[in-house]
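K.L.:
Keeping the supplied structure of chain Y fixed, place chains P and U upon it in accordance with the hints.
Protein chains in written order, with my numbering: chain Y, 1 to 106; chain P, 1 to 375; chain U, 1 to 367.
Rather than coming from a laboratory, the hints here were simulated on the basis of the structure. Check each hint, because a few of them may be wrong.
As the list claims (entries may be wrong) - DSSO-like mimics (lysine-lysine), calculated; alpha carbons at most 30 Å apart, straight line:
(1) K290/U - K260/U
(2) K260/U - K286/U
(3) K99/P - K260/U
(4) K333/U - K286/U
(5) K131/U - K290/U
(6) K210/U - K261/U
(7) K123/U - K293/P
(8) K131/U - K99/P
(9) K71/Y - K333/U
(10) K293/P - K14/U
(11) K261/U - K290/U
(12) K99/P - K14/U
(13) K2/U - K71/Y
(14) K169/P - K106/U
(15) K286/U - K160/U
(16) K71/Y - K293/P
Said to hold, decoys possible - Stretches of chain Y that chain U covers, calculated by requiring three or more beta carbons in the stretch to come under 8 Å of a beta carbon on chain U:
(17) 2-16
(18) 30-36
(19) 41-49
(20) 61-67
Said to hold, decoys possible - Derived, one-sided and incomplete: chain U residues facing chain Y with beta-carbon distance under 8 Å:
(21) Y3
(22) L4
(23) C34
(24) G110
(25) S117
(26) A146
(27) N256
(28) P258
(29) F300
Yeah, the Cβ is synthetic: ideal placement off N, Cα and C, and Gly gets one too.
The lines below spell out each chain.
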Amino acid sequence: MCLAVPGRVLAVEERDGTLMAEVDFGGVHKDVCLAYIPDVRVGEYVVVHVGFAIQRLDEQSAIETLANFEKLGILEEEFGDGFALAAKQAGVPHTAAADGTQEGAS
Amino acid sequence: MTDAMSLNGTGNSTGQGASPGGAEPLDFEGWVCPMPLRDSPTIVMGHGGGGAMSGELIDHLFLPAFGDAAAAGDLPDAAVVNVGGGTRLAFSTDSFVVKPMFFPGGSVGELAVNGTINDLAMVGAMPLYLSTAFILSEGTAMSDLGRVANAVGAAARAAGVKLVTGDTKVVDSSSGDGVYINTAGIGVLRDDVDIRPTRASVGDAVLISGDIGLHGVAVMSCREGLEFGTTIESDTAALHGLVEAMIATGADIHVLRDPTRGGVSATLNEIARASAVGMDLVEQHLPIPQMVKDACGLLGLDPLQVANEGKLLAIVPAESADEVLEAMRRHPLGAGAQRIGTCVDEHRGMVVARTGLGGTRVIDLPIGEQLPRIC
Amino acid sequence: MKYLDEFSNPELAKRLIDQIHAVTTRPWAMMEVCGGQTHSIIRHGIDQLLPEGVEMIHGPGCPVCVTPLEIIDKALEIAKRPDVIFCSFGDMLRVPGSSQDLFQIKSEGGDVRVVYSPLDALKLARANPDKQVVFFGIGFETTAPANAMTVYQAQRLGMKNFSLLVSHVLVPPAIAAIMESPTCRVQAFLAAGHVCSVMGTQEYPPLADKYKVPIVVTGFEPLDILEGIRRTVVQLEQGRHELENAYPRAVRDEGNLPAKKMLLDVFEPTDRTWRGIGMIPQSGWKLSEKYRDFDAEERFSVTDMHTDESPLCRSGEVLQGLIKPHECAAFGKQCTPRNPLGATMVSSEGACAAYYAYRRLELVETT
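Just chain Y, same shape as in the assembly (with noise of 0.2 Å):
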């Protein structure tokens, strides 16, 4: 559900009352309302669904989550388990026993 897409805020007037914008995704313009982020500013980027920004779009977010899957796997080469080295990016506490099994999940 939800072919939802981020944009750019270019301009946002007020229209018969309702807050709406102008946004930009990547060159095609759109008007969209912004009667539920009613506090963005030009400049920001809105997630859109059928003309409505639902959410803001994080970029410092989308940047970190990138980053993180930048950081994947690159240092497999120090870690023979790789199951070690995926749990310890995941955040995750590994607890493998001494022969390098895993304990059963549920």
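P.N.:
Only chains P and U this time, still in chain Y's reference frame:
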């Protein structure tokens, strides 16, 4: 499940019995599925979409009705006919009903001229003469008609073809104002050219002359209910000059086709079926401009199903691919030409693409009209 | 598009895929709730790239697919009326009712229009005061705020010629219903990212606890889906069953507060029948008392319809993840996107349509 319907217009299920002209009842069993919806008593918009439904209308209604009068054949964009004395003519017709009439980059006028010129060019013919028949809705603004007529004249002059005959009719319209144009064209074929949809062979290269999706996006951007701002313009253009340049290389071009209604997807599928070859495309080699991707992303459309009005797909022997590509790129209308795939022995009749992630997906024939979606 | 295209990066996708392989030691079956996620998985061939035992069960998160047949038939009745302009999202036009679809009504002369946003329907109502404009308000929680705002505006402007045919469905009750099913094989869920953009994540920890299933809020681009799967497998391997947010750039725990406030005002929970699945209690929204005047079902008093599903169609089992589309005998034969027997083959998000459009060659060669 309903019985096959007759065409007597009353919507009764008769299974057999009267069809117009007393001919044999049509066989609807050949349709993919005898579902109530497919026994539609009326034409729906999808029948004009250029995809599977249009094809079925031709195969299961028109051709059986025409019977012997229809020349046997493989339904090329233009018919090649012998008129004696060793001269081969190409003959084609097309009707243009685009709404809105005016869109970024052009109007129904340019489409009407370039569309038929391209149908002739796609069999390797040099277009010479066009007819123009106008069907006008009562109430159409004179100034609009003037603009369209100017566009028709300008396009014909630019392409070097003569408008030699025509007709005008006015209809009482319920679907608002409009200028509908039918053009028919004739051109002359060189002896050394044999370009038809059945000639694609295993190993052939699949080429496209430039960026995909421009026309469809341009038109959609001004359609009511979907308006969005974009700088994309229709790519409408007459391609016979580009085709000349390609033929001049001496390469044995097997197939040419312009991916109009139904887009690259419909066109490649038709060729794959007609030639009984499979096609393997590489998604990353498809020249889709970022803005087309964005507009399609916004509306939930597939760029491969969007119409193009100034591009051609070419299927050429592998050894000629580089030479033909070079010739295309030297021509202004082929500057963005790319090789996008290969004809293969596997999955004959189907088009498959390798995705960016290394998976594969089948590129299927589009069904009816493309609609924007929310999901 | 910025903040979208980067999440298709093939190099990063490969790393995520490798990671998933590295952490998987046994078979797991997880359900992606949202049809948009199903679409993305099949389109990019993600299911082909996962470890052998990791299975994606396709969920009922396609609002087009689950819109009750009765409501579709009501929509068709209303659309036929000469004084009505019937507006809908493109997705609904080809969904089969008991005997017709909206496309056919249109060709028979009904004024049926495709719009991108419900606000466009409102515009049409203002431009056509002599007509009744009805908007087909389907969707999950993601689309509800848009429909809510439209009705709110209609009331504020005192419009008499606009109404909404409502058929909203909710994700958390669907998850519960799936887990309650005796044939359920689902061990974890990828929650629908954009639903959570609106509603937040707070409804999910109780479900994760009660049914002992990891629930990972997941986006829609290839990297997002792979990351959602990766985190899910890690939890399963670790024996944990928690809520995680793998789509933080668009999802906050609290969701969108102004939207939720509007939803509380405009809608109230109701029992809802999901096409192909059956009645799930309190799994839908209808217009609240305050806005009942704008309910198209009331305004047009469409009486009980006699509905008629195709006996061959197994959409319900597909929607519950009990069978895969190609396991249905009608798949690709009597039932294709051109001749759909059920909604899952019509909707671009439906599992059957996704399988058909992006089908594996192995499936094709045996079909």
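K.L.:
Can you list which hints this structure breaks, lowest number first?
P.N.:
3, 4, 9, 12, 24 and 29
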